[in-house]
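Spelled out, the chains give:
Number of protein chains: 2
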Amino acid sequence: MADRVLVTLDGEVRDADAPLLHADDFGVLRGDGVFETLLVREGRARTVELHLARMAASAEAAGLPEPDRDEWRLAIELAVDQWGKDREGALRLVYTRGRETGGDPTAFLLVTPVAARVGAARRDGVSVVSLERGFSVDLASKAPWQLLGAKTLSYATNMAALRHAESLGADDVIFVSSEGCVLEGPRSTVVIARGRTLLTPPPAQGILPGTTQQALFEVADQHDFTARYETLRPADLVVADGVWLVSSVALAVRVHTLDGHPLDRRALVGEVEELVDLAVDTVD
Amino acid sequence: MADRVLVTLDGEVRDADAPLLHADDFGVLRGDGVFETLLVREGRARTVELHLARMAASAEAAGLPEPDRDEWRLAIELAVDQWGKDREGALRLVYTRGRETGGDPTAFLLVTPVAARVGAARRDGVSVVSLERGFSVDLASKAPWQLLGAKTLSYATNMAALRHAESLGADDVIFVSSEGCVLEGPRSTVVIARGRTLLTPPPAQGILPGTTQQALFEVADQHDFTARYETLRPADLVVADGVWLVSSVALAVRVHTLDGHPLDRRALVGEVEELVDLAVDTVD
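Residue numbers (the UniProt record's numbering), protein chains in the order written: chain A, 1 to 284; chain B, 1 to 284.
The hints are simulated quantities; they were obtained by calculation from the structure and are not laboratory data.
Check the hints yourself; a few may be wrong.
[Stated by the list, open to error] Pair ranges (Cβ atoms, derived):
| hint | chain 1 | residue 1 | chain 2 | residue 2 | range |
| --- | --- | --- | --- | --- | --- |
| 1 | A | Ala-116 | B | Arg-69 | 49 to 57 angstroms |
| 2 | A | Asp-81 | B | Thr-231 | 29 to 37 angstroms |
| 3 | B | Gly-103 | A | Arg-87 | 20 to 28 angstroms |
[Unchecked claim] The list that follows gives simulated cross-link-like pairs (lysine to aspartate or glutamate, EDC-like), each with its CA atoms no further than 16 angstroms apart:
| hint | chain 1 | residue 1 | chain 2 | residue 2 |
| --- | --- | --- | --- | --- |
| 4 | B | Lys-85 | B | Asp-281 |
| 5 | A | Lys-142 | B | Glu-42 |
| 6 | B | Lys-142 | A | Glu-132 |
| 7 | A | Lys-85 | A | Asp-17 |
| 8 | A | Lys-85 | A | Asp-3 |
| 9 | B | Lys-142 | A | Glu-179 |
| 10 | B | Lys-85 | B | Glu-132 |
| 11 | B | Lys-85 | B | Glu-179 |
| 12 | A | Lys-142 | B | Glu-179 |
| 13 | A | Lys-85 | A | Asp-281 |
Owing to the predicted nature of the structure, the values given are computational and were not obtained by experimental measurement.
Beta carbons: idealized from backbone N, C-alpha and C, even for Gly.
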């Protein structure tokens, strides 16, 4: 089995160790494109339709041609088939504005092993620092050019925030708005439990809609949970009955420490993780 | 003469129409890298040392290994030599975190023809809309992970702002902070004249330090101008004796309209453009 699988949207399987992109691809010159990351488990990519819908929304926000979902579905099947059934993988869908010299957008799929940190996070949970994102919760509606609800390739500040957290001895980050509202992680959605109610901040507050959080919310009421969107402040996290960073590959990762404070209430820990597992098994 | 010149930092001249980058380069997967754009004119790259200094500062902010300036100087000479003396070019220096699988950073240089819009902007000036950047002028000092003073490859929102301006019938953008302070253009520094004083907002307000503006400020006092950094508001632009978007390739582009208001005071128009021309001839 190959260590990484690379497929282009035209359905060609490529050598992942051969160069693919031109030096003048807007994806690299300007981080100008969109992407998705899906979990591949037991030979199946998870929540494909939620990811394709979000990619289409991101593409629209970024002024890219609408992705052809049938083409992407076929290419996803091909990539997953090449990856096999025996191990988990992280499947990236990448869609850039293409070359500066013109032509079609660049579109490819890359499957790689799940990062080692993911296994540790799933098992042990994570410590998190809150960092200021610098803008107000109402910026997204006033300033569409900020692309706040789009998953673009311009992730340099997200990566810098994670390095900053690491320098403070923490594993991950929760961004807060200039008013002190909880937003999201650099690569995850924040979900908390208050009793059997699951809460996450409204995407309209400048947050990327979370595909895995959406899948969780879809199945919640069949399992005796209520789920809803609500403005959250850091204090809500401290008194919650559980705080998770929810994402496609790591799934539900428990936050055990926030800004140095242990989050001790654990009544629902384990149950929510299992429910996310179930959600990505059943929701497409 | 080649239509584009591609050189890698190891000193190899490459075919610009052959793929160079791997699908898992962090430059494309996350816009995780830094860049510079230099003007090539009469067989010489302009303000090379200012650009290399800024690239080093950007790399430090982004946690990339310090660029070897001697290596870059040699590669710049090679690229410019390949490009020739007979036409202007835009020389991009691109430096990414490299492949996800590890290894060295990715580093290459690309020379391309100057975009057609640049000629029109130099000749006719531009109309500009002010757009909210969404954060405060003091964010840069509080939140280094926002990389506000670094020229990273994560330029998707800058490109989206330019598309937004175009949809409003304008040529370019000036960003303002959440307090209403003038910041910068998506690819330029704002410089205004108040009498014979040239003013630009302080880089500490979350602005990329402008190499061409720095070169202009270096020569200003030899030409009977005073130059200094000062907080500016849109009203300061409306009553100024000239407003320019200053950048490496377009040089000084006069703003003739701001948010639909004609900027009529033109006493210094022409003189500042010539001074910027002179600055990039003489300052390294």
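Problem set entry | Hint numbers contradicted by this structure | 1, 2, 5, 7, 10 and 11
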